[in-house]
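Colleague: With the hints as extra help, turn the sequences into a complete structure.
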Amino acid sequence: MSKNILKINKKKIFAVNKAFLIGVSTLGLLASQNVYGAESDIEIGLTAEGSYDDNRFLSTTNKQAVYVFRINPSVNLIIEDEGSQSIFTVTSSYALSSDQLIQQDRFTYGARYVGNYQFEYNSLNLGAGYNRQSLFDTEFDDTGVFNTDAVLDRGDASIGLQFNLNENWNLRLADNFQVMNYSTAVFDDFWSNNATIGLDVDVNEKTSLVQNFSYLRYQLDNPLVQPLNSYSYLAGISHDLSENTSITITGGASRFNGSYRWSAVAEITHELENNQLSLRAARELMPSGLGGLRQSESISFDTSYNYSESTNFGLTASRRRTKDLNDFIQLSNEFIGLSPWVSVEVIRDLRVRLRYQLRRQRIGMTNDWGVSNTFFVSIEY
1 MSKNILKINK
11 KKIFAVNKAF
21 LIGVSTLGLL
31 ASQNVYGAES
41 DIEIGLTAEG
51 SYDDNRFLST
61 TNKQAVYVFR
71 INPSVNLIIE
81 DEGSQSIFTV
91 TSSYALSSDQ
101 LIQQDRFTYG
111 ARYVGNYQFE
121 YNSLNLGAGY
131 NRQSLFDTEF
141 DDTGVFNTDA
151 VLDRGDASIG
161 LQFNLNENWN
171 LRLADNFQVM
181 NYSTAVFDDF
191 WSNNATIGLD
201 VDVNEKTSLV
211 QNFSYLRYQL
221 DNPLVQPLNS
231 YSYLAGISHD
241 LSENTSITIT
251 GGASRFNGSY
261 RWSAVAEITH
271 ELENNQLSLR
281 AARELMPSGL
291 GGLRQSESIS
301 FDTSYNYSES
311 TNFGLTASRR
321 RTKDLNDFIQ
331 LSNEFIGLSP
341 WVSVEVIRDL
351 RVRLRYQLRR
361 QRIGMTNDWG
371 VSNTFFVSIE
381 Y
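Here the sequence shown is numbered in the numbering used here, starting from 1 and rising by one per residue.
Hints are computed from structural coordinates only; laboratory data are not their basis.
In this text the structure is predicted, and so the values were computed from the model without any measurement.
Using N, Cα and C, we set each Cβ at its ideal position, and we do this for glycine too.
Misleading hints may appear alongside valid ones.
In silico lysine to any residue, SDA-like type, Cα no more than 20 Å apart, as pairs [unchecked claim]:
#	residue 1	residue 2
1	63	76
2	323	255
3	323	140
4	323	357
5	63	367
6	323	260
7	323	258
8	323	295
9	63	99
10	323	337
11	206	257
12	323	264
13	206	239
14	63	141
15	323	145
16	63	368
17	206	241
18	63	373
19	63	360
20	323	229
21	206	240
22	323	360
23	323	282
24	323	350
25	206	266
26	206	170
27	63	140
28	206	243
29	63	358
30	323	369
31	206	270
32	323	261
33	323	291
34	206	168
35	323	144
Computed beta-carbon distance windows for the label pairs [claimed, not checked]:
#	residue 1	residue 2	range
36	60	123	42 to 52 Å
37	235	205	17 to 27 Å
38	309	367	47 to 57 Å
39	348	264	21 to 31 Å
40	111	260	19 to 29 Å
Modeller: In structure tokens form, the structure reads like this:
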């Protein structure tokens with residue numbers, strides 16, 4: 001598909017996204033009951049990280065080992081009042097790499113706003129942001145496609161409302177909008193919007209019945225291509241196993257392109273003062289930069305443990321199987337990731353973090369797995 005055709009509608013799409021992003025951020029400021037009287041705090045962070053990857057591009061034959069050095073400054077502005085919190089974040093990253101395929105040093109950056117506001121009978125959650133990232137960091141693991149020195153510009157905005165209709169009934173409304181702009185013709189620019197209506201009914205103090213109705217609209221940046229629409233209904237149960245542990249399971253169907261596909265989401269969360277754990281398994285449709293929607297089957301696990309005031313460690317693991325559902329590319333992929341880490345505070349506010357990452361990837365019809373081992377050392381302030 002010609003990139004010139006895809007550029008036709010870009011200014012219009014980004015104007016809509018910019019208006020939505022500014023509108024959500026402005027609404028966040030207005031939602032604070034007393035912004036000027038609220039407590040505020042500024043947090044400045046700096047991370048320097050070095051890594052060694054023995055097979056950066058997950059090749060099964062011509063493996064390429066690389067060294068990467070990153071420096072990541074960040075600034076957070078936190079505004080808190082009774083029942084409200086607003087966080088404004090600016091991040092950037094400068095990377096030096098020994099990659100033979102990437103001769104230029106890489107600078108990426110982003111900004112984000114997140115707001116949470118509690119009222120007497122309802123709550124409001126807002127989010128908006130912009131990020132410029134390397135395609136290697138955003139697309140490679142799920143597609144196996146990488147383009148030299150290419151970047152992704154992503155703008156997004158979201159709003160969520162929850163209403164307590166009475167003691168047992170809760171209504172949830174949410175909308176998530178994003179625009180994706182790729183600097184290479186390998187991927188297709190697009191925007192997507194996901195609107196959700198949820199209804200929860202409390203059966204007792206520990207158990208609730210959950211229903212979610214959602215509508216996903218996907219539009220390529222090309223007026224000659226019709227938008228794609230997906231409708232989903234999931235229902236299930238949410239149950240508190242204990243004071244610190246909860247489980248939610250929902251299942252149902254998604255209608256896309258004239259056919260039905262089954263969908264399901266299961267989540268377990270566990271949280272103590274010194275230990276956090278989450279597990280999520282899902283089969284769902286997701287927007288893709290390869291010209292349509294993507295069927296994703298995934299499971300992810302994350303845990304951390306605070307061993308002492310100065311030492312904590314954790315583990316993240318995931319497995320994904322994805323397949324693009326479009327007329328242009330039928331690409332299947334499997335990805336497995338495993339990453340244990342440990343962090344030690346050597347002096348006040350200065351931490352050393354050690355991390356290992358295993359990546360395994362299989363693309364298309366091949367039975368061969370590309371495998372890489374990466375070792376990270378970072379100093380965080």
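Colleague: What hints, given by number in increasing order, does this structure fail?
Modeller: 1, 4, 11, 24, 39, 40
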